[in-house]
Amino acid sequence: MIGDAAFRAGRFWAVSFVVAVLLLLLTRAAIQNEYFFFAAYVVLQYVVLATAWNILGGYTGYINFGIGAFFAVGAYCSVVLHKLASVPVPVMMLAAGIASGIIGLGMGYLTLRLRGVFFAIATLAMAIVAQTLIVNWDFVGGSRGIYIIRPQHAPFFGDYVEYLYSLMLLLSWIAIATARTIERSRLGLGFNAIRDDEAAAEAAGVPTLRLKLIATTLSGALMGMAGAPLPYYVTYLDPASSFSLSYAVNSVAMPVIGGMTSWIGPVIGAVLLGTIQQVATVTISSALNLLIVGLLLIGFVIVAPNGIIGLIQSRRRARGAR
Amino acid sequence: MRAPAALLSADGVSKHFGGFVALEGIDLDILPGERLGLIGPNGSGKSTLVNCLCGTLRHDSGMITFAGRKLDGLPAHQRTRLGLARSFQLPKPFRSLSLADNLRVPLLYAVNARPGARLSRAAVAARAAELLADVGLADKRHRLPRELTQVEMRKLELARAVASAPRLLFADEAMAGLSPSEVEEILAVLFRLNAGGITIVLIEHIMRAVMNFSTRLVVLVAGRKIADGAPEEAMRNPEVERAYLGE
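If you read the sequences in order, they're chains E and B. Add 10 to the 1-based position in the first sequence for this note's numbering, that's all there is to it. Add 54 to the 1-based position in the second sequence for this note's numbering, that's all there is to it.
Hints in this document: simulated from the structure, not taken from any laboratory. Backbone N, C-alpha and C define an ideal beta-carbon position, used for all residues, glycine too. Keep in mind that a hint or two might mislead.
[Said to hold, decoys possible] Ranges of calculated distance between the beta carbons of each label pair, as one might list FRET restraints:
no., chain 1, residue 1, chain 2, residue 2, range
1, B, 128, E, 14, 53 to 59 angstroms
2, B, 169, E, 160, 51 to 57 angstroms
3, B, 123, E, 128, 55 to 61 angstroms
4, B, 114, E, 98, 46 to 52 angstroms
5, B, 231, E, 131, 51 to 57 angstroms
6, B, 170, E, 48, 52 to 58 angstroms
7, B, 127, E, 48, 41 to 47 angstroms
8, B, 68, E, 302, 42 to 48 angstroms
9, E, 302, B, 170, 28 to 34 angstroms
10, E, 35, B, 174, 37 to 43 angstroms
11, E, 119, B, 203, 52 to 58 angstroms
12, E, 195, B, 127, 26 to 32 angstroms
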């Protein structure tokens, strides 16, 4: 029954919310080291980015390299709001989500008739166009960037970094629950049909263009929301770092490593890769980050092309066949 | 004279690819319940015609009506929802989905999109199981398409088309590459579907199957319709003989 599906989805939202709240309470009570929250913020940011990327790239098969654009638009949306009015960060995140969602919808209209590598190149081109616009927009600092003074404390949260960490944890919960709900729904079935064969999906009654637009809008909105707290996290925002290709590389690599066909794949990939990168940054050098991503990607493409989840599923199938 | 009760009518449908004329002024009426064979040599425009009628390709000129409704400009998924289904020349299963999920796609997106139709989750699962049983794939409903044989893949393709509850089905080379006994299996499925009220257009190269199945034959050559009538009569047409046997 449809009611059962809604009940199961609602139960996941509730259970995952409780898990997120428990995680928040536990980490804040047990960990006093501020660096943990700095590092955990980045890992959670990648959980959101990888999950958002996977809604379009993993579920529908459209590879988006324009992650940096959506992420940076979210960040610059916060800069604009910071300069115009003093609004709380959650409001900035909402505004960034709307702005990036609209850009996702527009990108979808312009590019979704392209497929494969042509679509990927178009999204990369869009990121370059967006970066050029920001570089030439003086109000947000142009090419020299802009400083944002981060408050010391947030109301009810104490330390501001812990506050940003809490917001990113909340956003991770929203992104994961959204992805999981889509995956188990009629929408997810339509996305999978598009990924497997778009002509056959259309012939089976799937409104492919509408579904792809939903995917680009949702994916873009979540990426923008992930970028919104960035100015307060880094305190200095410039186009070169906010549009950095490393966001795109990481956000693609994480679902590939974790597995693209399930909501849990990007989460596993982001936690694994994000944590390794943070540990490497502290213990060795931050310059090693992309090398680690590259090596892991090569390894997984050879050993487990369907990611960790694909590896587990194929082992289970093999065991079942025995 | 044109039969007034045609389920689908094509009036002067043309399609060009650059300078190449794929279809030239095709007039075609398909009557409710009939079994129409559509034949022609390779490159004659059969698949292009099916693609234009089903909305996969846009025709350049002419008019297509289905059950009294103009289809021109309507995307393929909306034509499917109106009751026009097709199977593909090369099977196009949803490879990551189980057989049952392959059938859930048209049930949820075509059948449930129709006014007044709202199949529950259980009804969708039951209908998918029933359709798979009809083509002999009931015990494989949780398998992935890659585990199927060639004839089973063809059956899945037909079952998925039928899952959209069509009034008209285009079976595009549904028997290509199959052995004679497998051809008979597919023919039996098509006869059953037709007996159940689905109008079927069979696009096929296996002449024995076409002659056995069709109540009417349409022959295309170089994008033009050169014969339309009873199968034996159409095959005796000198232009058809020339197209198939040469001068």
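Status of each hint after checking the structure:
Checked against the hint of 53 to 59 angstroms, the C-beta distance between residue 128 of chain B and residue 14 of chain E comes to roughly 34 angstroms, which is inconsistent with it. The supplied range of 51 to 57 angstroms is met by residue 169 of chain B and residue 160 of chain E, whose beta-carbon atoms lie about 55 angstroms from each other. Remark: the range hint 55 to 61 angstroms for residue 123 of chain B to residue 128 of chain E is contradicted by a beta-carbon distance near 35 angstroms. The hinted range of 46 to 52 angstroms is not satisfied by residue 114 of chain B and residue 98 of chain E, whose Cβ atoms lie roughly 57 angstroms apart.
Roughly 36 angstroms separates the CB atoms of residue 231 of chain B and residue 131 of chain E, a value that falls outside the hinted 51 to 57 angstroms. Taking the beta carbon of each, residue 170 of chain B and residue 48 of chain E are about 57 angstroms apart, inside 52 to 58 angstroms as hinted. Separated by about 55 angstroms at the C-beta atoms, residue 127 of chain B and residue 48 of chain E break the suggested range of 41 to 47 angstroms. For residue 68 of chain B paired with residue 302 of chain E, a C-beta distance near 58 angstroms fails the hint of 42 to 48 angstroms.
Taken as a hint, the range 28 to 34 angstroms is violated for the pair residue 302 of chain E and residue 170 of chain B, whose Cβ atoms sit roughly 56 angstroms apart. Between residue 35 of chain E and residue 174 of chain B the beta carbon distance is about 40 angstroms. The supplied range of 37 to 43 angstroms therefore holds. Our hint of 52 to 58 angstroms for residue 119 of chain E and residue 203 of chain B is violated, since their Cβ atoms are close to 42 angstroms apart. Between residue 195 of chain E and residue 127 of chain B, the C-beta spacing of about 30 angstroms keeps the proposed range 26 to 32 angstroms intact.
When each numbered hint is compared with the structure, violations occur for hints 1, 3, 4, 5, 7, 8, 9, 11.
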